[in-house]
Amino acid sequence: MARKNEYKNRIELVQGTLDMLILQTLQWGPQHGYGIVQALHTQSGEVLKVETGSLYPALHRLERQGWVRSEWNQTESNQRARFYEITATGKKQLASDHDRWRRMVGAIAAIMQPGGKA
Amino acid sequence: MKLWRRRTDDIDEEIATHLAMAAADRQERGESLEEAQRSAKREFGNPLLVRETTRSMWGREWLDRIVQDLRFAWRQMHRSIGFSLTVIATLALGLGATAAMFTVVNRVLLQVLPYPSPQRLVLLQESGRRGDREHAPWPDIEQWQLRTRSFEDIGFYTLANGRPFLEGDTSANQINHLRVSTNLFSVLGVKPQIGRGFDDRKDQRFALAGDENTVVLSDAAWRDAFGGRKDILGKPVRISGESYTVVGVMPRGFAFPWNTGRTQVWTAVKLREPNDTRDNPTTTYSTIARLKRGVSIPAAVAEMKVVQADVAKLYTDPYSRDLVTSAAGIPYGDSLIKPEVKHALMALFGASGLLWLIACVNVTGLLLARATVRQREIAIRGALGASRGRIVRQLMIEGLLLSAGGSVLGLGLAVGLLKVFSHGLTTQLNIKGVTPDGKVISVLLALTIGSAVLSAIWPAWSSARASIEPALRQGGVPGNSREQRRLRSLLVVTQIAMSLVLLVSCGLLLRTIYTLRHVPLGFRTDHILVGSMAIPTYRFANQDLLENLYTPLLERVKAVPGVETATLMTEVPLGTNFRMIFSFGVEGNSADAVRKRDLQAQFRAVGPDAQRVFGFKMLKGRFFNEGDTPSSQGVVVVNRAFVKEYSLSNDPDKIIGQRMMSLEKGRPAIVVGVLDDTRQVSVASQSQPEIEVYLPQLTPASGFYQSTEGVAMDLVVRTERPSTSIVPELKELMRRASPDLANTNFTTMDQIVEDSYGNQQLIARLLIVFGGAALLLCLSGIYGLLSQLVSQRTREIGVRMALGAGRGQVIGMVLRQAGRMLTAGALLGFAMVYFAGSVVKGFLYGVTPYDAWTLAAVGGLLFASGLAAAYLPARQAAAIDPIEALRTE
Chain A
379 MARKNEYKNR IELVQGTLDM LILQTLQWGP QHGYGIVQAL HTQSGEVLKV
429 ETGSLYPALH RLERQGWVRS EWNQTESNQR ARFYEITATG KKQLASDHDR
479 WRRMVGAIAA IMQPGGKA
Chain B
3 MKLWRRRTDD IDEEIATHLA MAAADRQERG ESLEEAQRSA KREFGNPLLV
53 RETTRSMWGR EWLDRIVQDL RFAWRQMHRS IGFSLTVIAT LALGLGATAA
103 MFTVVNRVLL QVLPYPSPQR LVLLQESGRR GDREHAPWPD IEQWQLRTRS
153 FEDIGFYTLA NGRPFLEGDT SANQINHLRV STNLFSVLGV KPQIGRGFDD
203 RKDQRFALAG DENTVVLSDA AWRDAFGGRK DILGKPVRIS GESYTVVGVM
253 PRGFAFPWNT GRTQVWTAVK LREPNDTRDN PTTTYSTIAR LKRGVSIPAA
303 VAEMKVVQAD VAKLYTDPYS RDLVTSAAGI PYGDSLIKPE VKHALMALFG
353 ASGLLWLIAC VNVTGLLLAR ATVRQREIAI RGALGASRGR IVRQLMIEGL
403 LLSAGGSVLG LGLAVGLLKV FSHGLTTQLN IKGVTPDGKV ISVLLALTIG
453 SAVLSAIWPA WSSARASIEP ALRQGGVPGN SREQRRLRSL LVVTQIAMSL
503 VLLVSCGLLL RTIYTLRHVP LGFRTDHILV GSMAIPTYRF ANQDLLENLY
553 TPLLERVKAV PGVETATLMT EVPLGTNFRM IFSFGVEGNS ADAVRKRDLQ
603 AQFRAVGPDA QRVFGFKMLK GRFFNEGDTP SSQGVVVVNR AFVKEYSLSN
653 DPDKIIGQRM MSLEKGRPAI VVGVLDDTRQ VSVASQSQPE IEVYLPQLTP
703 ASGFYQSTEG VAMDLVVRTE RPSTSIVPEL KELMRRASPD LANTNFTTMD
753 QIVEDSYGNQ QLIARLLIVF GGAALLLCLS GIYGLLSQLV SQRTREIGVR
803 MALGAGRGQV IGMVLRQAGR MLTAGALLGF AMVYFAGSVV KGFLYGVTPY
853 DAWTLAAVGG LLFASGLAAA YLPARQAAAI DPIEALRTE
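Heads up: the protein sequence lines correspond to chains A and B, in order. Using the numbering used here, read the first sequence as starting at 379 and increasing by one per residue. Using the numbering used here, read the second sequence as starting at 3 and increasing by one per residue.
Any given hint could be a false lead.
[To be verified] Straight-line Cα separation of at most 20 Å, DMTMM-like style, residue types lysine to aspartate or glutamate; simulated pairs:
no., chain 1, residue 1, chain 2, residue 2
1, B, K315, B, D281
2, B, K733, B, E722
3, A, K427, B, D155
4, B, K43, A, E429
5, B, K843, B, D853
6, A, K427, B, E45
7, A, K469, A, D397
8, B, K193, B, D155
[Said to hold, decoys possible] Short, incomplete list of chain A residues facing chain B, as computed with Cβ under 10 Å:
no., residue
9, S422
10, E424
11, L426
12, G431
13, L433
14, H438
15, S448
16, R460
[Unchecked claim] Pairwise CB distance ranges (calculated):
no., chain 1, residue 1, chain 2, residue 2, range
17, A, G484, B, E471, 47 to 55 Å
18, A, T395, B, E45, 19 to 27 Å
19, A, R481, B, W460, 49 to 57 Å
Rather than coming from a laboratory, the hints here were simulated on the basis of the structure. Glycine included, every Cβ here is placed at the ideal spot set by N, Cα and C.
So here's chain A without its partners, still in its complex pose:
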């Protein structure tokens, strides 16, 4: 029960959006797993905290799909880490995901703000 309290401040990620968020983050350059968690955390105004149990499976899934590629490299602090980099097909995927997401948000917003239509 103690564990539940720990997570109460976070918003559950909407199903299927994690891949898009990861790809979006990787647009600014190659990044390792920990870096992606940190980046999403900061950029979401410290709201989103991606769980490693979702992140790593997602990264490997993306790699298998050919949307990202990975390489072991040195970090600034001379730590060996696996860096993920978005591929050309990954970018295309991101564009289409983004598009779909925008439509989805629009649709949800239309439902959630009744009267706007009238």
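Given chain A, work out where chain B should sit, using these hints.
Structure of chain B alone, referenced to chain A:
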């Protein structure tokens, strides 16, 4: 697998990096090292779970799980080693028998002929009043070549006369020498690996002038006799003293005719008598043709029949014409396998398959029993979240592992079985040194999977389907469902039925062998040694072999201590090396002449004392004696069957003193004696007409000399000494007489008789093995089921005993159950025997497939041994202490 491991390590390292970076960040923010590491870990969650789910993204988790299942199955096997070994041994029996039989079937029936498109090769034969004739005269073959349209080409060949030897660089070796038409290799579609082969012209199928003495060597002849010399082309080689020029060497693996054991050479056929008539040809040939693409065999045969009808009209002699009125064509591949051999092999393969089924059914029973014991374990796995599919897969993998163990052991059994039966396989099927090859292994692999599926799927499915809750409940009696018990009884009944079929077949064959053994042969077989003398007779071309070699040798053999008497004979009765048929060249076409021309007699040339050695009985007249010399009156001896066919009466007096044939030109021979009938061709067939001549009366000038003495001779020795001690002495004598006789092969007359039982002996022995194994499995099935039932019913039996049931009643109760299964099994089995009867019928001699005695004996054996197997659990049940039984649980 390696790649997979690397990926796992990779993910582990990635997770470690993540943790290290998180800890480092926290440390920077002022946390202590220890605290930072701890909270980083807490924040990360379960690294193992992360690793597993991440790895599963690569879609290889099924492999991983199978490895896991395999490991678990391996542990299970170890934990109950006794059970595992029982299952493995059971499956090994079935798989071993099937693998061994398939090895033989593969070798004999599924052989691939070394010619392109072998299905287009057809043997052509003439047929008529007396069935198919293997050989045709050249004028007829010429007509076929000219008139038929179905064939690309027609070739022909004949075996060279005598016993040919090829003189190599170091020694002379007996070979298979064929005289072939010059187009034969092109009909077969195979070109020599060296040289061009024979010169072939469309209008000339015989050797061209000047090419008569050309030879094509087989690869084996080239390597063995000439060490594979590259410069062999154009060199002269000697075959039986005659010189030939090498014009080609065939590729390795090529043989024609297929399936002759010896090294082969081919020379071009010479057209010996240009005026050869079709009515009375000096040489006749086997004919092989290659069908044109797209022409079917029936269509080709139909065309042949039309052409042959015209060809038959060209015969002037009505008797000869009657024998060739039609034609037949057999696919060459089929002609190589005798139908009875094919039949026997398929029947035995079926028997081994039945044994395999019995083994699988037996294992199903064992696994079902095992599943009841493991019901709680499986229920726990189910309760912990294993899906049905996962449980089924787990159990199937266990089945597969056991089955794999069984097939490894079975392969060993198969090799052993083939070794034990190698003599029978060599004499009956003419195959040497059979061992399982790649094809057999792949079939075995399929069978392994088959056995696993067949035996494990049912138990696995029923375990997975069983509801979890009752199995977990304390005190629940595991697996006592009525349905499952009935199922297992049904399995045992099936086993009993199938075993009965095998046992009945085995019993019938044993009766056959027994009957064959008691057939009066008409001669003695005990204490007789037979040496088949393979001598390069061409070296003795201008000498009388009998005078110069055989007689002195015989005298020396007779002088060996322990030798009672000895004789010479072209071929001993029941021998298979040399067979000569005599037929009359009667003039005229009266009914009597036709009958006499139809008469085909076994022809044998025998030496002095032949009657003493074999104890042949004289019916009338006398056997040959010292008074019969090259200069005295020519004499022959015939047998009772001959009298019957020749004079259509049973009265031997009618034939004594009659002139029968001429030993040589102007030297008629009269019948001086009639022998009683003997089984001289095979034990199972009635006596054939036979005519015998006396070796000392044959001079090299006689045509009979050239086709008997000059070719084959058996030395027959009657001795009281064991063959192991006397054979080396005899061999030494032979070696001193002529170095060519050093490798004379000796065997006992008893062995020759044994070998002549034919397929029956081999079938009977294999069926003893299969039937015995089936019975054993069947008994273990009965025992296994009953002892499990007894242990499950301990409490019930305890209650019965507490209520006053006596030991006898308890024993009776268990035995009755066994009796019910045996009865049901036997009834089902006898029904199956009814259908199996038609399969075994062809192999039986002196017994019908539904022989009451055999059926009763086998049924009795099954019941007696079945009840004996049931008696152990019955006693165990009777020994239950009611108080103990009621206290447990």
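We went through each hint and held it up to the structure:
| no. | hint | in the structure |
| --- | --- | --- |
| 1 | B:K315 to B:D281 | 11 Å, holds |
| 2 | B:K733 to B:E722 | 17 Å, holds |
| 3 | A:K427 to B:D155 | 86 Å, violated |
| 4 | B:K43 to A:E429 | 12 Å, holds |
| 5 | B:K843 to B:D853 | 11 Å, holds |
| 6 | A:K427 to B:E45 | 10 Å, holds |
| 7 | A:K469 to A:D397 | 12 Å, holds |
| 8 | B:K193 to B:D155 | 15 Å, holds |
| 9 | S422 | 17 Å, violated |
| 10 | E424 | 14 Å, violated |
| 11 | L426 | 14 Å, violated |
| 12 | G431 | 5 Å, holds |
| 13 | L433 | 8 Å, holds |
| 14 | H438 | 4 Å, holds |
| 15 | S448 | 9 Å, holds |
| 16 | R460 | 5 Å, holds |
| 17 | A:G484 to B:E471: 47 to 55 Å | 51 Å, holds |
| 18 | A:T395 to B:E45: 19 to 27 Å | 22 Å, holds |
| 19 | A:R481 to B:W460: 49 to 57 Å | 54 Å, holds |
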